[in-house]
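Model the full structure from these sequences, guided by the hints.
2 protein chains.
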Amino acid sequence: MSRHRVRVADLAPEMTLGPREVRHLHVLRLAVGDALRVFDGQGAEASATIAVLEPERAVLQLGDVVERVAETPCPLTLAVALLKGDKLSDVVRAATELGVASVQLLITERADAREIGAQKLTRLQRIAEEASKQSRRAVIPTVLSPVPLAGWQWEGQLFVAQPGSPERLGGLLDWAAPVNVLTGPEGGLSEREVAGLLERGAHAVTLGPRILRAETAPVALLGAIAAMGR
Amino acid sequence: MSRHRVRVADLAPEMTLGPREVRHLHVLRLAVGDALRVFDGQGAEASATIAVLEPERAVLQLGDVVERVAETPCPLTLAVALLKGDKLSDVVRAATELGVASVQLLITERADAREIGAQKLTRLQRIAEEASKQSRRAVIPTVLSPVPLAGWQWEGQLFVAQPGSPERLGGLLDWAAPVNVLTGPEGGLSEREVAGLLERGAHAVTLGPRILRAETAPVALLGAIAAMGR
Numbered sequence: 001m002s003r004h005r006v007r008v009a010d011l012a013p014e015m016t017l018g019p020r021e022v023r024h025l026h027v028l029r030l031a032v033g034d035a036l037r038v039f040d041g042q043g044a045e046a047s048a049t050i051a052v053l054e055p056e057r058a059v060l061q062l063g064d065v066v067e068r069v070a071e072t073p074c075p076l077t078l079a080v081a082l083l084k085g086d087k088l089s090d091v092v093r094a095a096t097e098l099g100v101a102s103v104q105l106l107i108t109e110r111a112d113a114r115e116i117g118a119q120k121l122t123r124l125q126r127i128a129e130e131a132s133k134q135s136r137r138a139v140i141p142t143v144l145s146p147v148p149l150a151g152w153q154w155e156g157q158l159f160v161a162q163p164g165s166p167e168r169l170g171g172l173l174d175w176a177a178p179v180n181v182l183t184g185p186e187g188g189l190s191e192r193e194v195a196g197l198l199e200r201g202a203h204a205v206t207l208g209p210r211i212l213r214a215e216t217a218p219v220a221l222l223g224a225i226a227a228m229g230r
Numbered sequence: 001m002s003r004h005r006v007r008v009a010d011l012a013p014e015m016t017l018g019p020r021e022v023r024h025l026h027v028l029r030l031a032v033g034d035a036l037r038v039f040d041g042q043g044a045e046a047s048a049t050i051a052v053l054e055p056e057r058a059v060l061q062l063g064d065v066v067e068r069v070a071e072t073p074c075p076l077t078l079a080v081a082l083l084k085g086d087k088l089s090d091v092v093r094a095a096t097e098l099g100v101a102s103v104q105l106l107i108t109e110r111a112d113a114r115e116i117g118a119q120k121l122t123r124l125q126r127i128a129e130e131a132s133k134q135s136r137r138a139v140i141p142t143v144l145s146p147v148p149l150a151g152w153q154w155e156g157q158l159f160v161a162q163p164g165s166p167e168r169l170g171g172l173l174d175w176a177a178p179v180n181v182l183t184g185p186e187g188g189l190s191e192r193e194v195a196g197l198l199e200r201g202a203h204a205v206t207l208g209p210r211i212l213r214a215e216t217a218p219v220a221l222l223g224a225i226a227a228m229g230r
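Going down the list, the sequences are from chains A and B. End of the first sequence = 230 in the numbering used here, gap-free, step of one. End of the second sequence = 230 in the numbering used here, gap-free, step of one.
Any given hint could be a false lead.
[Unchecked claim] 20 Å max Cα-Cα, derived SDA-like pairs, lysine to any residue: (1) A:K87 x A:E129; (2) A:K87 x B:E109; (3) A:K133 x B:S89; (4) A:K87 x B:G85; (5) B:K133 x B:G85; (6) A:K120 x A:A138; (7) B:K87 x A:E130; (8) B:K87 x A:D86; (9) B:K87 x A:K120; (10) B:K87 x B:E109; (11) A:K87 x B:S89; (12) A:K133 x B:G187; (13) A:K87 x B:G187; (14) B:K133 x A:G188.
[As the list claims (entries may be wrong)] A few chain B residues facing chain A, derived, Cβ under 8 Å: (15) A44; (16) I107; (17) V205; (18) T206; (19) G208.
Keep in mind that the hints were calculated from the coordinates and are not lab data. Bear in mind that the values here come from a model prediction, so they are computed numbers and not experimental data. Backbone N, C-alpha and C define an ideal beta-carbon position, used for all residues, glycine too.
Structural data, given as C-alpha cells:
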C-alpha cells in the first residue's frame with residue numbers, strides 16, 4: 001500500500017485536489033493509476049487512485065479501504081497526581097477512551113498517596129488495555145510508575161488545569177509536538193508547584209470557574225481536546 | 001450594592017477603563033466616589049469605586065468583595081439517556097461540577113432502561129445538591145424525570161455528541177441563549193433519532209474519532225464547554 005498521504009476536504013467517491021496537493025503529486029512523480037492514501041484530518045483515512053492528473057488539476061477515486069484513524073496526530077500524555085481508592089482506575093479508563101498514549105502518575109506535595117503498589121500498577125495497565133479495545137484503538141496506553149512532579153520531564157506542550165486561569169486550551173493547542181496535560185490531587189497543586197511548572201514552560205489553562213474533583217478534571221481537559229476533533 | 005456592571009481586563013487594585021466603558025459611566029451619570037461592580041468575563045466579579053472620572057479616562061478602585069461567579073452566562077442543560085446501574089450518579093455528579101443548571105433524563109430507542117424509580121430520582125437530585133456544594137456553586141441543578149427523546153423540547157442551542165462528526169463545538173457555541181448538550185445510551189442513538197434531532201435544529205459535534213462510553217461522553221462534552229472558560 002502506498003505511503004504517500006494527501007489531505008482532502010472530505011472523503012468522497014471522487015475528490016478534486018487543491019493546487020498545493022496537485023503540485024505535491026507532480027513532485028512525487030506520480031501518474032494516473034497510481035495508488036495513494038487520502039485523509040481528511042478528522043480521523044478518516046482511505047486508499048485512493050489518481051484518476052485525472054493535469055498540470056494544475058487532479059481527481060482521485062476513493063478506494064474501498066476506509067478506516068477511522070483513532071490516534072491523535074502526536075502522542076498525548078496525561079500526567080495525573082496519585083489519587084485515593086479506585087479513582088485512578090476511572091481516570092485511566094476515561095483517558096484511554098479520550099486518546100492518551102500514556103498516563104504518567106505523579107507524586108505531588110498534596111497527593112493522596114506517595115506510592116502505588118506493583119499490583120495496582122499492573123491493574124491500571126490492564127484497565128488501559130481493556131479500554132483501548134473497547135474504544136477500538138490501535139494503541140494501548142502505557143501507565144508509568146509515579147515520579148515526583150519536580151523531576152518529571154515532558155516533551156512538547158504541557159497544559160496544567162488551573163481554576164480561573166485566563167488562558168484557554170483552544171488558542172494554545174498545537175499538534176506539531178507531543179501534547180501533555182496535567183491535573184493535581186484532591187487538594188490541588190501547591191502554588192509553588194504551579195509556579196515551577198510555568199517556569200518550565202507549562203501553560204495554565206482554565207476549566208471554568210468551578211472547583212472540579214481530581215477525577216473529573218482530567219476527563220474534562222481531555223474531553224476538551226477530543227472536542228477539537230482529536 | 002450598585003447594579004451597574006463594568007467589564008475590566010483583569011481585577012486589580014486600580015483599573016483604568018477603556019473609552020467605551022468611560023462613555024458608559026458618563027451615560028449612567030455616575031460620579032467620583034460612586035460604587036459599581038466590575039467583572040472580567042472569566043468568572044471573577046467584585047465591587048469597585050470610581051476614583052478618577054475625566055471625559056475620556058476613568059480609574060476604578062477595587063472593593064473588598066471579590067467573588068468568583070460559578071454559573072454559566074445562560075442555563076446549561078445536559079440531556080442524557082437513561083443508563084444502567086450507578087452510571088447516572090457519576091454523570092450527574094460530574095455534570096454538576098461542570099456547571100449544568102439541569103439534567104434532563106431521556107428515554108431513547110436503545111436506552112438501557114425505560115424508566116427510573118422515584119427513589120432513584122430523589123437520590124440523583126441529592127447527588128446534584130452535594131456536588132453543587134462541593135464545587136461551590138450558587139445553583140443546585142434540577143434532575144428532571146425521563147421523557148421520550150422525540151417529545152423533548154429544548155430552548156436555545158442543542159449539541160449532540162456524534163463520533164466523527166465534522167462539526168466542532170468550539171465554532172458553534174453561543175451563550176446568547178440557553179445551551180443544551182445531549183448524549184446517548186451505551187448502544188448510541190439510532191440514526192433515525194439523530195436525523196430527527198438535526199431536523200429540529202440540533203448540531204452534531206465530534207468528540208474525536210474514538211468510541212466513548214455513555215458515561216464518558218457527557219463529561220467530555222461538558223469539559224469542552226468548561227475549557228472555553230464557562
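How the hints compare with the structure:
As the CA atoms of A:K87 and A:E129 are separated by approximately 17 Å, the hinted pair is consistent with the 20 Å bound. Under the criterion of a C-alpha separation no larger than 20 Å, the hint pairing A:K87 with B:E109 is inconsistent with the structure, at around 32 Å. Among the hinted pairs, A:K133 with B:S89 is inconsistent with the structure: their alpha-carbon atoms are about 25 Å apart, more than 20 Å. For the proposed pair A:K87 and B:G85, the alpha carbon gap of about 18 Å is at most 20 Å, so the pair holds.
Simply put, B:K133 and B:G85 have alpha-carbon atoms about 24 Å apart, too far for the 20 Å limit, and the pair is violated. The straight-line distance between the Cα atoms of A:K120 and A:A138 is roughly 24 Å, outside the 20 Å bound, and the hint therefore fails. With a C-alpha separation of about 18 Å, the suggested pair B:K87 and A:E130 falls inside the 20 Å cut-off, and the hint holds. At roughly 15 Å between alpha-carbon atoms, B:K87 and A:D86 fall within 20 Å of each other, so this suggested pair holds.
For the hint linking B:K87 to A:K120, the alpha-carbon distance of about 23 Å lies beyond 20 Å, and the restraint is violated. Between B:K87 and B:E109 the CA atoms are separated by roughly 18 Å; this keeps the pair inside 20 Å, and the hint holds. With a C-alpha separation of about 15 Å, the suggested pair A:K87 and B:S89 falls inside the 20 Å cut-off, and the hint holds. Distance hint between A:K133 and B:G187 is fulfilled; the C-alpha atoms sit about 16 Å from each other, no more than 20 Å.
For the suggested pair A:K87 and B:G187, the alpha carbons sit about 25 Å apart, so the restraint of at most 20 Å is broken. A hinted pair counts as satisfied when its Cα atoms are at most 20 Å apart, and B:K133 with A:G188 qualifies at roughly 18 Å. A hinted interface residue such as B:A44 counts as satisfied when its beta carbon comes closer than 8 Å to some beta carbon of chain A; here the least separation is about 7 Å, so the hint holds. Hint on B:I107 is violated. Least Cβ distance to chain A is approximately 25 Å, over the 8 Å limit.
At a threshold of 8 Å, the smallest CB-CB gap from B:V205 to chain A is about 7 Å, leaving the interface hint in force. For the restraint placing B:T206 at the interface with chain A, the shortest Cβ-Cβ distance is roughly 5 Å, inside the 8 Å limit, so the hint holds. Hint on B:G208 holds. Least Cβ distance to chain A is approximately 4 Å, under the 8 Å limit.
Checked against the numbered hints above, the structure breaks hints 2, 3, 5, 6, 9, 13 and 16 and satisfies the rest.
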